[in-house]
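Given chain P, work out where chain Y should sit, using these hints.
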Amino acid sequence: MNTTLTAGLGLKPEHYDAALTCPAAGLWFEVHPENYFVDGGPRLAWLEAIRAVHPLSLHGVGLSLAADSPPDREHLKKLAALARRVEPALMSEHLAWSAWRGFSYPDLLPFARTHEALLRIAANISLAQEALGRTLAIENPSHYLHIEGHNHDEIDFLTELSRRSGCRLLLDVNNVHVGARNTGYSAEAYVDAFPAALIAEVHLAGHTHDALMGDALLVDSHDMPVAPAVWALYQRLIARTGARPTLIERDANLPAFDDLLAERDIAHAMLQRASSTMAEAA
Amino acid sequence: MNSALAQFQDAFAAALLATDAIAANPAVAALVSQPGFMVYRNTVMKGCIDALQANYPAVTRLVGEEWLRAAAAVFVRAHPPTQAALVHYGAGFADFLAGFEPAADMDWLPGVARLDRSWTEAHVARDAAPLDPARIAALPPEALAGLHLQPHPAARWAWFGEAPIYTLWQRNRSEDADNADSGDIPWQGAGALITRPQAVVQWTALDEAGCAFMATCAAGLSLAEAAGAALAVRPNADLAALMSQLLQAGAFAADTIMANSATTDPEPEQEQS
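The listed protein sequences derive, respectively, from chains P and Y.
First residue of the first sequence? That's 1 in the working numbering, and the numbers climb one at a time after it.
First residue of the second sequence? That's 1 in the working numbering, and the numbers climb one at a time after it.
Chain P with its partners taken away, still in its complex shape:
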């Protein structure tokens, strides 16, 4: 784990200039690598400029590791080339699928956590890590559906994936909250049981209530500030695990960069406190 990273922000093109000159200590940025799968041009130049002054994380959304087929070779090749170019401090993907039989579905789609799925996904992660020459952190997705036929609960499944592939884990605390509300499990119990030693990164984000279903269906929309309940879960987590690189994701309804930075500073301060409390306890 890179101990110099404290709290970071998802980087949007609207904020490039502000991000470039921001002096905040411990600040890092995360992007979706797929947005930089280009041969040349200003996007790559922007990313390299940011990378020259801040640590960067590549957070993939398109590798489709939970599909019943190996990751797309062309996609992996582009991802590996981008990783060589920007040398990210962290690289991550999702426990989900988004490509199937030649088509791409821009979302993080669910599946039944069967033993068959475990073998396939562990093999897919190993294959990807080999092609990248790096370890990936795998993120717990949001859940919206009651799916039949799980053989493993999600934490078991992720832990087993790590044991088989050597991958690490990305714990998205907002996804835990959203999934707990939508499918009826305890978010606190989930956060308490998540294997601390495997956490390479933590995500925080805002969510919304579904327009029709209201409170009964939360949507992981990344278009709001982090909710108080999610901050509370996060505090509970880091009180147990100590500090972990933490990212605030914001993809829509974008506020000014300084507003996002203020939200990020809350996480930064919580991480500093968690570190000093751990140090005192030690």
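Any given hint could be a false lead.
Unchecked claim - Listing some non-contacts, in silico: residues in chain Y with all C-beta distances to chain P over 10 angstroms: (1) Ala24; (2) Gln34; (3) Glu66; (4) Leu68; (5) Ala91; (6) Ala103; (7) Trp108; (8) Arg171; (9) Ser174; (10) Glu208; (11) Ala219; (12) Ala224; (13) Ala229; (14) Leu242.
Said to hold, decoys possible - These stretches of chain Y come out as covered by chain P in the derived footprint (C-beta under 8 angstroms, 3 or more residues): (15) 5-15; (16) 44-54; (17) 186-200.
By construction, these hints were calculated from the structure, which means they are not laboratory data.
For every residue, glycine included, the Cβ atom is placed at its ideal position computed from N, Cα and C.
For chain Y alone, coordinates are given in the frame of chain P:
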């Protein structure tokens, strides 16, 4: 790929884009009836439609956001993305619009879409130094005829003979286009040259002779042959002015200047009306 996971993914993917709720796989049918399934459906459709809207800004301004998003929804179901990098999504949107019945009375719309697409291709193209006009100026005039110039990797050009496609496009491409020219558009053919010599995509009007000139260069032929092609479509073409315009715009790559030798470089995609 006939495992339970594969069968689940087949049915789930089909149900995502379906307009009705039928799912062949019983496990997926049980999911489609849950309210949460709409979250996946909405996210996938919104992601694809947002990408098309972002990639076709001039089309969006001309037809309005509501029309564009309704047309995009039809396109998405017929042509889902084939890669996760959505900056490349919608290559076939112009052809789709050409056959889209509700767009039948806007025969200029596919051409505008082709120029939006050309802008994206220029934006993401390989970086390359443009040919410095001084290098051409330094050559003796008799050396020019035998030169073979390759278009810059970001250069795109298109001539539209039937309608002022370029004029419509450039007045609707940028955010502040409302404040730019607002005069009447003369209804005549108009072509475009889109280039990105450094970081920023730029564009200029290019006539039929200029487009013929660029196409001939892209085919690996000499400047003499390019000049012949330009004069064939416009006998009074000012070749010196044309050459100057192309060089100033960064239409040629610096590293592909070759005298008296045809190249085998693949020609870049280009648009034809």
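With 10 angstroms as the threshold, tell me whether Ser174 of chain Y passes as away from chain P on beta-carbon distances. Label holds. Min Cβ-Cβ 16 angstroms, cutoff 10 angstroms.
Closest CB-CB distance from Leu242 of chain Y to chain P, is it above 10 angstroms? 27 angstroms, holds
With 10 angstroms as the threshold, tell me whether Glu208 of chain Y passes as away from chain P on beta-carbon distances. With a cut-off of 10 angstroms, Glu208 of chain Y remains clear of chain P, as the shortest Cβ separation is near 29 angstroms.
Count the residues of the region 186-200 of chain Y whose Cβ falls closer than 8 angstroms to any Cβ of chain P, and tell me whether that reaches three. Satisfied; 3 residues make the cut.
Minimum Cβ separation between Glu66 of chain Y and chain P greater than 10 angstroms? Correct as stated: the minimum Cβ-Cβ distance to chain P is 18 angstroms, above 10 angstroms.
Could you check that no beta carbon of chain P comes within 10 angstroms of the beta carbon of Gln34 of chain Y? 5 angstroms, violated
Counting residues of the region 5-15 of chain Y whose CB is closer than 8 angstroms to a CB in chain P, do you get three or more? Our answer is that it holds, as 7 residues pass the Cβ test (under 8 angstroms) against chain P, meeting three.
Beyond 10 angstroms from every chain P Cβ - status for Arg171 of chain Y: Answer for Arg171 of chain Y: holds, closest chain P Cβ roughly 23 angstroms.
Holds or violated: is the Cβ of Ala24 of chain Y farther than 10 angstroms from all Cβ atoms of chain P? Non-interface label on Ala24 of chain Y holds, nearest chain P Cβ at 15 angstroms vs cutoff 10 angstroms.
Taking 10 angstroms as the cut and beta carbons as the points, is Trp108 of chain Y off the interface with chain P? Trp108 of chain Y clear of chain P: closest Cβ-Cβ about 28 angstroms, beyond 10 angstroms.
Would Leu68 of chain Y pass as off the interface with chain P, using Cβ distances and a cut of 10 angstroms? Holds, since 18 angstroms exceeds 10 angstroms.
Determine whether the non-interface label on Ala91 of chain Y survives the test: each CB of chain P must be over 10 angstroms from its CB. 14 angstroms, holds
Hint compliance for this structure: hint 2 alone is broken.
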